[in-house]
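Starting from the given sequences, assemble the full structure and let the hints guide the process.
2 protein chains.
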Amino acid sequence: MDGIKALTFDTGGTILDWHTGFRNSLAAAGETYGETRDWADMANQIRRAALKRMLNLGKDAAPSYNFDGAHRAAVDEVLAANEMDMLSDPERHWIAYDVPHNFKCWSDFPAVLPRLRRRFICASFTILSFRIIIDTARANGLSWDAVISCEAIGKYKPLPEAYLMAAHFLQLEPAQICMVACHNFDLDAAKAVGFKTAFVRRPDEWGSAGAPDPTPNPAHDIIVDDFPTLVAQLGA
Amino acid sequence: MDGIKALTFDTGGTILDWHTGFRNSLAAAGETYGETRDWADMANQIRRAALKRMLNLGKDAAPSYNFDGAHRAAVDEVLAANEMDMLSDPERHWIAYDVPHNFKCWSDFPAVLPRLRRRFICASFTILSFRIIIDTARANGLSWDAVISCEAIGKYKPLPEAYLMAAHFLQLEPAQICMVACHNFDLDAAKAVGFKTAFVRRPDEWGSAGAPDPTPNPAHDIIVDDFPTLVAQLGA
Numbered sequence: 024m025d026g027i028k029a030l031t032f033d034t035g036g037t038i039l040d041w042h043t044g045f046r047n048s049l050a051a052a053g054e055t056y057g058e059t060r061d062w063a064d065m066a067n068q069i070r071r072a073a074l075k076r077m078l079n080l081g082k083d084a085a086p087s088y089n090f091d092g093a094h095r096a097a098v099d100e101v102l103a104a105n106e107m108d109m110l111s112d113p114e115r116h117w118i119a120y121d122v123p124h125n126f127k128c129w130s131d132f133p134a135v136l137p138r139l140r141r142r143f144i145c146a147s148f149t150i151l152s153f154r155i156i157i158d159t160a161r162a163n164g165l166s167w168d169a170v171i172s173c174e175a176i177g178k179y180k181p182l183p184e185a186y187l188m189a190a191h192f193l194q195l196e197p198a199q200i201c202m203v204a205c206h207n208f209d210l211d212a213a214k215a216v217g218f219k220t221a222f223v224r225r226p227d228e229w230g231s232a233g234a235p236d237p238t239p240n241p242a243h244d245i246i247v248d249d250f251p252t253l254v255a256q257l258g259a
Numbered sequence: 024m025d026g027i028k029a030l031t032f033d034t035g036g037t038i039l040d041w042h043t044g045f046r047n048s049l050a051a052a053g054e055t056y057g058e059t060r061d062w063a064d065m066a067n068q069i070r071r072a073a074l075k076r077m078l079n080l081g082k083d084a085a086p087s088y089n090f091d092g093a094h095r096a097a098v099d100e101v102l103a104a105n106e107m108d109m110l111s112d113p114e115r116h117w118i119a120y121d122v123p124h125n126f127k128c129w130s131d132f133p134a135v136l137p138r139l140r141r142r143f144i145c146a147s148f149t150i151l152s153f154r155i156i157i158d159t160a161r162a163n164g165l166s167w168d169a170v171i172s173c174e175a176i177g178k179y180k181p182l183p184e185a186y187l188m189a190a191h192f193l194q195l196e197p198a199q200i201c202m203v204a205c206h207n208f209d210l211d212a213a214k215a216v217g218f219k220t221a222f223v224r225r226p227d228e229w230g231s232a233g234a235p236d237p238t239p240n241p242a243h244d245i246i247v248d249d250f251p252t253l254v255a256q257l258g259a
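Same order as they appear, the protein sequences are chains A and B.
Sequential numbering of the first sequence, starting at 24, is according to our numbering.
Sequential numbering of the second sequence, starting at 24, is according to our numbering.
It is worth saying that the hints were derived from the structure and are not from the lab.
Careful, some of the hints might be misleading.
In silico DSS-like cross-links for lysine-lysine, where the CA-CA straight-line distance does not exceed 25 Å [said to hold, decoys possible]: (1) A/Lys178 with B/Lys82; (2) A/Lys28 with A/Lys75; (3) B/Lys178 with B/Lys28; (4) A/Lys214 with A/Lys127; (5) A/Lys82 with A/Lys178; (6) B/Lys214 with B/Lys82; (7) A/Lys28 with B/Lys127; (8) A/Lys127 with A/Lys75; (9) B/Lys82 with B/Lys178; (10) B/Lys178 with A/Lys178; (11) A/Lys28 with A/Lys214; (12) B/Lys214 with B/Lys28; (13) A/Lys82 with B/Lys178; (14) A/Lys28 with A/Lys178; (15) A/Lys127 with B/Lys28.
The structure is reproduced here in structure tokens:
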């Protein structure tokens with residue numbers, strides 16, 4: 024891994040715990056109405072519905088919404104599918120907007136970010152909106168060197184143009200950048216355009232249901248269980 | 024100034040001291056060849072030539088270069104005009120690239136940025152390249168909440184589209200954002216699309232020559248001599 028100048032971090036899932044955030048907010052809103060559902064499963068339904076709207080967005084036409092728009096559409100869709108249409112507009116806004124902008128980050132990350140920044144440019148490179156990254160960084164005490172949101176690129180991961188534009192903004196060759204993520208689809212796409220890749224396991228990303236694609240592609244340059252181990256393997 | 028959620032900072036000139044950086048590097052390179060020039064004036068010539076290439080860039084067609092490209096073109100142009108063609112390519116690259124990526128920031132800023140960030144989103148909003156902001160932040164120990172470079176917008180200040188896109192990325196109304204700069208042209212353009220504006224005087228920006236437009240437009244919401252005073256006036 025010599026010659027690496029920057030680490031680009033997938034942020035939703037890899038840094039932020041969306042599952043607990045959505046699950047708890049759904050449970051709290053449901054309780055207001057005396058409703059009982061499988062809140063963990065509903066949280067995962069929202070994530071799947073939102074990702075479906077975001078991955079490869081911009082491939083054929085300029086995006087007409089960002090991840091905040093996708094969250095709201097996904098929340099409305101999943102509430103309807105689960106017969107929870109009683110939720111008010113402010114409650115839906117809270118779940119779809121306020122909650123993601125305050126997602127907690129996984130506990131092993133805040134302490135290692137400053138260490139990694141001493142040696143590498145550390146950028147959030149994300150399909151989440153600019154504002155989600157700004158707000159969650161502030162809520163969790165994180166300081167990124169830069170936020171590279173696909174919102175500004177207009178082409179969303181895993182489209183190759185997104186990775187190439189991130190490298191262009193960083194003024195680095197893809198081989199000088201290591202993409203860090205807990206998702207093969209993201210890392211595989213980064214590797215396809217020449218990035219180095221580091222898979223960080225997040226077995227709890229989808230709660231007790233388990234991640235849909237938990238086994239790292241052995242082609243990744245680094246495969247670790249947590250961020251302190253990543254630091255050690257990068258010699259940072 | 025109630026209701027302000029974010030401060031967007033012009034960065035070249037307002038935060039970074041380009042004049043001293045260019046002047047000293049020109050003097051050092053010239054000394055190698057036993058040359059004597061008015062290095063301070065040459066530094067200002069480079070700045071003027073670079074700005075000429077950047078302001079309003081993207082108005083009629085997509086930009087084909089960023090501020091790093093403009094710096095290199097300006098350095099080559101000014102060296103030629105001053106009969107200093109003897110400088111080698113590595114020396115030109117050092118002056119045009121390495122020096123700007125390591126510009127020092129004005130001494131009153133590093134301590135106030137964390138204070139301002141406690142209350143406001145603080146973003147670098149700049150015509151400088153992404154990488155100049157990333158590198159100068161690292162060199163000066165600054166942490167921005169985000170870097171909004173016109174490089175990613177494709178429309179450069181003072182085009183109104185640049186300010187409106189910055190507000191769009193921040194998900195704020197222009198009136199919820201205060202543009203902070205030492206230049207009327209930047210603040211006047213921000214105000215024209217609805218931003219609040221804060222003029223911070225930088226009498227040494229152009230060295231002993233004095234700034235070309237030093238008198239703040241009285242229409243600005245805040246006019247101060249330094250950043251500690253800005254903090255006080257914002258109640259941060």
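Hint numbers not upheld by this structure, sorted from lowest to highest
2, 4
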